[in-house]
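**Q** Sequence:
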Amino acid sequence: ILHTALRGNVEAMSWLFENDKILAAFDAGIGGNKSAIRLLIKLNEFEWAAVANFVKGDQKALDWLQKNKLSHFIRLAYCIKRVL
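For what it's worth, the working numbering labels the leading residue of the sequence shown as 25, then goes sequentially.
Derived from the structure by calculation, the hints contain no laboratory data. Treat the hints loosely; a few may be bogus.
In silico lysine-lysine, DSSO-like type, Cα no more than 30 Å apart, as pairs [claimed, not checked]:
1) 80 / 58
2) 105 / 91
3) 105 / 93
4) 66 / 91
What follows is a set of in silico ranges between Cβ atoms, one per label pair, in the way DEER data are often shown [said to hold, decoys possible]:
5) 46 / 107: 19 to 29 Å
6) 62 / 42: 13 to 23 Å
7) 55 / 84: 13 to 23 Å
8) 82 / 47: 18 to 28 Å
Glycine included, each C-beta is placed from N, C-alpha and C at the ideal position.
When you get a sec, could you build the whole thing from the sequences and use the hints?
**A** Shown next as structure tokens:
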């Protein structure tokens with residue numbers, strides 16, 4: 025279902041939001057949805073919010089990931105940037 029949701033299927037994305045809010049918000053965040061990034065922050069998912077923000081070009085998000093020694097999230101962000 026994730027694959028279908030990532031390809032823009034509204035029904036699949038709705039299911040994802042109901043069943044895995046964090047993953048759905050992360051997907052929407054890397055797509056540029058600022059409300060989704062705010063939701064990640066509200067849910068204390070700062071790492072996922074930082075990755076989404078960096079993918080969208082926010083250098084401060086990368087700085088935060090580096091400061092917190094979250095190299096695996098940094099690698100993930102660069103991988104996502106490469107395929108987008």
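**Q** A separate judgement is required for each hint: does it hold in the structure or not?
**A** Results of checking the hints against the structure:
1. Distance check on the hinted pair: residue 80 and residue 58 sit about 10 Å apart at the alpha-carbon level, within 30 Å; holds.
2. Between residue 105 and residue 91 the alpha-carbon distance is near 20 Å, which keeps this suggested pair within the 30 Å criterion.
3. Proposed proximity of residue 105 and residue 93 is supported: the alpha carbons are some 20 Å apart, at most 30 Å.
4. A C-alpha spacing of about 21 Å is found between residue 66 and residue 91, which places the hinted pair at or below 30 Å, so the restraint holds.
5. For residue 46 paired with residue 107, a C-beta distance near 21 Å keeps the hint of 19 to 29 Å intact.
6. Checking the proposed 13 to 23 Å range against residue 62 and residue 42 shows it holds: the Cβ atoms sit about 19 Å from each other.
7. Hint check: residue 55 to residue 84, Cβ distance near 20 Å, so the stated range 13 to 23 Å holds.
8. Between residue 82 and residue 47 the CB atoms are about 20 Å apart, so this pair conforms to the stated range of 18 to 28 Å.
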